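Number of protein chains: 4
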Amino acid sequence: MTITPPALSVFETLESEVRSYCRSWPAVFDRAQGSYMYDEDGHTYLDFFAGAGALNYGHNNPVLKRALLDYIERDGVTHGLDMGTTAKRAFLESFQNTILRPRDLPYKVMFPGPTGTNAVEAALKLARKVKGREAIVSFTNAFHGMSLGSLAVTGNSMKRAGAGIPLVHGTPMPFDNYFDGTVQDFLWFERLLEDQGSGLNQPAAVIVETIQGEGGINVARAEWLRALADLCERRDMLLIVDDIQMGCGRTGPFFSFEEAGITPDIVTLSKSISGYGMPMSLTLFKPELDVWEPGEHNGTFRGNNPAFVTATATMDTYWADGQMEKQTLARGEQVEQALRAIVEEHPRLGGTYRGRGLAWGMEFTDKERANKIARRAFDLGLLIETSGPQSEVVKLLPPLTVSPEELDEGLRILARAVRDTV
Amino acid sequence: MTITPPALSVFETLESEVRSYCRSWPAVFDRAQGSYMYDEDGHTYLDFFAGAGALNYGHNNPVLKRALLDYIERDGVTHGLDMGTTAKRAFLESFQNTILRPRDLPYKVMFPGPTGTNAVEAALKLARKVKGREAIVSFTNAFHGMSLGSLAVTGNSMKRAGAGIPLVHGTPMPFDNYFDGTVQDFLWFERLLEDQGSGLNQPAAVIVETIQGEGGINVARAEWLRALADLCERRDMLLIVDDIQMGCGRTGPFFSFEEAGITPDIVTLSKSISGYGMPMSLTLFKPELDVWEPGEHNGTFRGNNPAFVTATATMDTYWADGQMEKQTLARGEQVEQALRAIVEEHPRLGGTYRGRGLAWGMEFTDKERANKIARRAFDLGLLIETSGPQSEVVKLLPPLTVSPEELDEGLRILARAVRDTV
Amino acid sequence: MTITPPALSVFETLESEVRSYCRSWPAVFDRAQGSYMYDEDGHTYLDFFAGAGALNYGHNNPVLKRALLDYIERDGVTHGLDMGTTAKRAFLESFQNTILRPRDLPYKVMFPGPTGTNAVEAALKLARKVKGREAIVSFTNAFHGMSLGSLAVTGNSMKRAGAGIPLVHGTPMPFDNYFDGTVQDFLWFERLLEDQGSGLNQPAAVIVETIQGEGGINVARAEWLRALADLCERRDMLLIVDDIQMGCGRTGPFFSFEEAGITPDIVTLSKSISGYGMPMSLTLFKPELDVWEPGEHNGTFRGNNPAFVTATATMDTYWADGQMEKQTLARGEQVEQALRAIVEEHPRLGGTYRGRGLAWGMEFTDKERANKIARRAFDLGLLIETSGPQSEVVKLLPPLTVSPEELDEGLRILARAVRDTV
Amino acid sequence: MTITPPALSVFETLESEVRSYCRSWPAVFDRAQGSYMYDEDGHTYLDFFAGAGALNYGHNNPVLKRALLDYIERDGVTHGLDMGTTAKRAFLESFQNTILRPRDLPYKVMFPGPTGTNAVEAALKLARKVKGREAIVSFTNAFHGMSLGSLAVTGNSMKRAGAGIPLVHGTPMPFDNYFDGTVQDFLWFERLLEDQGSGLNQPAAVIVETIQGEGGINVARAEWLRALADLCERRDMLLIVDDIQMGCGRTGPFFSFEEAGITPDIVTLSKSISGYGMPMSLTLFKPELDVWEPGEHNGTFRGNNPAFVTATATMDTYWADGQMEKQTLARGEQVEQALRAIVEEHPRLGGTYRGRGLAWGMEFTDKERANKIARRAFDLGLLIETSGPQSEVVKLLPPLTVSPEELDEGLRILARAVRDTV
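Chains as they are written, first to last, in numbering that gives the first Met the number 0: chain B, 0 to 421; chain P, 0 to 421; chain W, 0 to 421; chain V, 0 to 421.
Certain hints may be false.
Intra- or inter-copy, both count: the list cannot distinguish identical chains.
[As the list claims (entries may be wrong)] Straight-line alpha carbon distances no greater than 27 Å define the calculated BS3-like cross-link-like pairs of lysine-lysine that follow:
#	residue 1	residue 2
1	K158	K285
2	K107	K158
3	K107	K128
4	K366	K285
5	K64	K128
If you are wondering where the hints come from, they were derived from the structure by calculation, not from laboratory data. These numbers were taken from a predicted model, which means no experiment stands behind them.
Go ahead and model the full structure; you've got the sequences and the hints to work with.
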């Protein structure tokens with residue numbers, strides 16, 4: 000594919016230097032459908048980034064689109080603060096019937112504002128209020144958001160430096176497999192908790208991702224998550240699972256923690272909860288934690304009703320039975336095979352891969368290689384991103400609705416991109 | 000109007016206790032158009048709250064709706080992170096040509112995430128980074144948002160308590176007229192700055208609303224704002240105007256600070272920037288402050304492209320000439336006359352009123368009265384809210400697109416509601 | 000007097016750049032007695048600085064010296080941690096009988112470590128523990144010490160910068176007369192407390208000096224202190240009087256707050272409590288505040304028993320009757336007259352003076368003049384220091400035991416020093 | 000020995016509940032000499048606590064006493080702020096000639112105030128100022144003092160809770176042997192430092208005790224200290240050795256880190272530096288770190304000249320040659336043999352012991368046993384304390400000047416006390 004230099008001028012002259020993806024992908028996108036994006040020059044891109052996990056059902060999914068258009072056309076309430084609306088009621092009922100009840104999850108639902116970081120801020124506030132303590136434990140290479148509360152439990156040092164104030168009240172602990180299995184799980188964490196002289200402020204809560212997406216597709220084992228849940232219970236800490244990137248079916252089941260058989264005290268959801276890429280987020284918690292005063296946390300865009308409409312449609316369409324989960328796991332096997340083949344094709348590159356469901360990462364001895372592969376993939380018409388503290392991991396997040404053929408196409412481009420960097 | 004008790008059950012059983020507006024307005028809203036909302040039982044409400052200022056152009060404004068439907072129907076990119084898209088380019092170009100250039104405003108534009116608090120967090124981060132200092136000065140009864148950074152510069156004690164950690168790095172100063180004009184403006188603030196022994200940490204920035212919406216419709220005089228801007232310049236502090244609620248034409252001109260003739264260093268916009276009630280926000284700053292590293296602040300929903308589409312439509316439709324500003328000021332006079340009449344009708348209630356453009360507040364000696372009036376207005380089919388630290392101020396934020404007849408209707412209901420509480 | 004350059008070499012080569020007084024007074028002192036110090040070159044200096052208030056009874060006061068020598072000679076316990084010792088018991092009994100009981104002060108006594116900042120740290124800890132709040136209100140130009148807790152409530156910006164971390168949890172309020180009487184006392188403070196939207200974190204306590212010694216001999220009026228005590232009571236804040244520099248008789252009565260007729264909740268004492276210049280400090284508090292766990296605050300040098308011995312001797316010698324207080328007030332009048340004469344002698348210098356007991360300050364229009372006067376006084380054999388945020392105040396703290404003749408001598412040198420700077 | 004209940008009344012009625020040692024040792028001490036203390040009822044106690052390490056040269060050491068009496072008798076300056084005095088010069092010269100030069104240590108000397116926590120506060124301030132970072136790494140079970148800066152890097156949870164504010168800017172790391180040798184040294188620490196996504200704020204400095212006295216006589220190996228020094232150098236962190244309890248010869252050499260052959264960037268000394276139990280402390284640092292402004296850190300009792308006099312005498316008497324070090328190591332062997340015998344005598348108690356020089360700890364399976372032993376030892380006339388997070392370690396700190404016979408006497412009492420608790 001030949002790309003003519005796009006007219007980025009207004010982006011370059013007017014938009015802040017903070018912009019980032021538009022630097023990796025120097026195109027001006029115009030339309031999108033399913034697994035594909037199209038730029039204004041007529042180029043087509045297979046999208047294996049899926050809005051960083053916000054587009055699990057593909058771009059402009061036709062079922063959701065129909066529901067959305069109908070709602071807008073009939074002048075359904077668009078902006079509802081936290082008023083009761085028919086769209087919100089339909090969402091709550093579907094969420095209860097399709098998601099919570101079948102999984103025996105007792106959660107109350109909070110609309111904390113439409114972004115992931117709103118959901119994390121609310122979760123941290125609530126945990127601190129309930130326990131009357133300030134300290135939160137997070138994990139190495141965690142990513143929870145950019146507002147100050149969330150940033151304080153995020154690992155990335157460049158992003159932390161952006162705060163402009165010292166980030167406090169958070170202590171990092173080693174994520175699963177941080178020492179390649181050579182150190183017993185939670186050895187350090189549990190010892191700090193049991194030692195009255197350790198200097199660790201007693202945490203109100205632990206916040207964890209089951210798979211660290213931004214951190215490099217680091218996959219926590221089910222037994223590690225169970226041991227963490229057990230530790231939290233024994234040591235009187237709330238367990239917060241940040242399922243913003245890995246929830247909504249990304250790893251197979253609706254919640255990424257289902258496989259481990261745990262019930263976190265608090266759960267955050269966002270990204271793909273609306274399904275259509277529209278801002279929406281939820282903070283879920285056990286009923287006994289619902290100690291909020293009315294209005295103690297608020298926000299203008301908590302009631303993004305068009306997002307409720309598409310969210311309801313995702314549940315009715317994809318989560319009424321176990322089909323979606325099965326399909327995701329099957330697609331995941333397809334990805335795994337392809338990654339294995341790539342790694343085996345280049346024994347000298349020292350490639351490794353890991354993932355679950357449709358979240359996968361591939362890493363090479365040469366940490367620079369991931370960026371080269373992503374850039375080459377873009378030239379070949381495939382959108383993939385890198386993650387990890389040094390951008391050393393090629394990250395694959397295709398839509399869950401990707402067809403086997405599309406998946407195959409993308410994985411072949413990926414294989415070629417790897418080959419072209421050798 | 001007779002209201003039958005609405006079926007709130009799933010809201011009550013499943014939604015968190017933090018919910019708030021749905022308690023004041025026990026209805027389930029279904030549709031909305033222009034200045035009106037409709038509940039599922041067929042009741043009609045004249046909306047003088049306008050999404051807390053997020054619906055300056057009315058509910059489901061037909062011009063914006065058409066643009067939005069077209070965009071969705073043609074599968075325009077919905078979710079774009081911070082990628083270049085045609086919708087974003089059109090927005091940037093319109094914003095530059097319609098808003099910035101005619102006002103000689105030199106700002107760079109940052110998409111910090113789609114909510115107001117995202118915009119404030121980004122503004123504070125940037126100010127701290129530029130100045131290398133942590134301290135921020137805010138004002139009594141300020142409201143800037145619910146994430147930790149914004150909450151630390153917000154006044155409301157109930158909301159601050161929700162943080163669960165001590166909120167630091169912020170110092171409040173008296174807003175304009177805090178002492179009813181008996182104390183010279185900035186007497187305390189300037190003295191603290193000039194006294195090397197005052198104990199005030201040298202601030203990186205001052206954050207201010209030109210009219211405090213949540214704080215009780217407290218209106219800063221133009222000369223106070225000018226003196227503040229001057230103080231900031233003399234004392235090497237950045238001036239941040241949080242124009243989230245009062246910008247986008249609420250007070251007449253597009254930016255609420257235009258009347259004062261000042262050019263803040265940083266400006267935050269949100270609420271009505273998309274015009275359709277869809278989440279979107281901007282942080283604007285002088286080019287020399289654009290010291291961000293690429294990706295140093297990020298977020299999943301920075302590129303809410305449907306919001307860019309409606310935002311562009313608002314500018315092309317309403318801001319290409321000075322018509323909107325004139326109309327808002329005219330409507331404001333209509334409100335002022337009505338409030339004067341209400342106050343004069345009830346000399347014993349000790350009523351006062353204040354406002355600018357279409358942001359108005361009315362207060363009575365009995366601080367409980369405001370809530371009674373709002374409740375009674377709801378029964379009479381008018382949605383109005385209260386604000387101020389004790390909810391003592393009746394707050395009027397009708398859509399800017401309200402017709403003189405609708406305005407008259409609402410003001411007559413208001414007058415009756417006041418009468419009914421006597 | 001002609002001063003030959005002293006051999007400062009080891010001070011210059013080995014001691015840290017942080018050293019300060021030795022720069023103003025380039026002498027090597029060897030002996031001291033009563034109101035005089037003697038350097039190794041045989042020069043004599045009349046000391047009107049008195050160890051920054053640590054030598055209220057003069058250098059090496061013979062009565063205390065005798066008690067100290069006896070104690071050391073008979074091998075009394077020197078270092079006692081917080082063990083019970085006969086010396087400590089004697090001190091406690093004298094303190095109770097001579098100081099507390101006659102003044103109807105109900106305090107418990109804590110030995111928080113031997114320095115003033117230890118006493119302040121303990122006071123702040125206790126206040127925060129009792130109230131369960133973090134925030135402390137201090138005053139402009141306050142000085143409470145150099146460890147992090149005390150430094151956070153100290154005003155001087157150079158000293159604050161030394162912390163290397165943002166100092167938080169403290170908010171400054173205007174000290175008495177900060178606006179030359181043009182603003183009603185506590186207008187700002189009380190308004191912040193009563194306004195639920197002010198943004199002030201509810202304080203656990205207020206810490207105040209009755210006369211700010213380091214801050215420039217700023218004298219709080221008795222009615223201001225009474226109003227402050229009243230405000231603290233009404234608003235549920237503890238009142239901490241830091242009497243480290245102004246206690247032990249410096250202003251006349253043993254405690255500087257006696258004149259105002261208030262009973263602070265917590266009082267800190269240090270400097271002249273041992274009387275001999277040996278490190279010792281006390282934190283006093285109302286019995287109901289004594290919620291400490293055993294050992295919750297500790298320190299190696301809490302039991303400096305030789306200091307207890309001299310402290311006991313000061314009380315038995317000077318505080319068994321009202322003689323000391325009367326004498327200090329009389330000497331104070333002598334100082335006041337002299338300062339008035341100096342000011343009147345030089346109407347063009349715009350001199351002013353203020354003080355109480357034997358703590359006095361003199362200031363001139365030209366803020367540089369104070370340092371010139373102090374330097375010139377040193378050349379003339381008088382040790383005086385400057386204070387205030389810009390060192391603009393000549394500060395007089397002669398020993399309380401100074402004779403009228405010595406006082407006269409010093410004041411004449413001062414008058415000459417002023418004259419010599421004109 | 001029979002003890003009659005001592006008359007503790009004024010301690011109980013007037014002194015704060017925070018008092019602690021006087022509860023373990025219910026006696027009123029009157030005199031002390033060498034290794035012995037005497038209470039007012041004529042009982043004699045062999046003191047193996049030595050002022051928590053402040054009395055390395057015994058109580059009222061006759062050589063120091065003579066120097067002290069001479070100084071006081073001749074009216075040497077007692078209180079000198081940071082003025083140059085002959086006593087201070089003599090101290091500085093001795094310290095340079097006897098301590099620093101023979102060890103090739105390049106340090107500048109700061110007098111930060113007379114207590115250990117003053118020295119630590121100054122060290123932390125300086126490290127933060129030099130590096131421009133806030134974070135400090137400390138170790139599990141560290142003890143550095145009770146003022147807020149020092150407390151934030153102290154491990155004990157009860158003492159931390161006393162702060163009344165969240166203690167921040169410190170992160171604990173595992174001290175040597177925290178996992179019984181099963182985990183590679185600094186595995187966690189180094190990984191956090193090298194991982195850009197770890198979430199650890201880049202530390203300005205690391206603060207460490209070579210042997211944790213309060214933490215339970217935890218002895219760091221020389222190779223661990225060397226590896227730590229190396230880590231600090233590679234990772235641009237300052238190394239602060241807090242030698243307050245273990246310096247001044249306690250472990251054999253003057254500085255406890257000499258054995259490891261490292262040169263810390265900053266060293267704190269206090270406790271036994273004056274030698275006579277009088278408050279004094281030092282902060283030492285490499286000359287290139289001396290970035291203090293004059294007066295940026297100050298304090299009333301920095302110039303405790305009698306302490307300088309006795310400190311000078313300790314150096315001239317005990318440190319002019321290597322005798323003291325040899326003797327301490329020999330005495331240490333005597334202690335070690337006795338502890339081994341005790342442990343072997345009671346195989347069922349699961350006793351272990353550790354130490355170096357004359358700092359020793361003994362621990363048993365039953366964590367309560369240590370307190371029983373200490374209480375029984377008191378009844379038998381031996382003063383020993385416990386340490387460790389649960390007071391589970393019997394701690395021995397006899398004076399360095401203890402004679403072999405006294406040592407033997409004390410160790411026999413200890414053996415009997417152990418026997419009596421079985």
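Verification of the supplied hints:
no. : hint        : verdict
1   : K158 / K285 : between (31 Å within a copy, 22 Å between copies)
2   : K107 / K158 : between (32 Å within a copy, 21 Å between copies)
3   : K107 / K128 : within (16 Å within a copy, 34 Å between copies)
4   : K366 / K285 : neither (42 Å within a copy, 37 Å between copies)
5   : K64 / K128  : neither (40 Å within a copy, 42 Å between copies)
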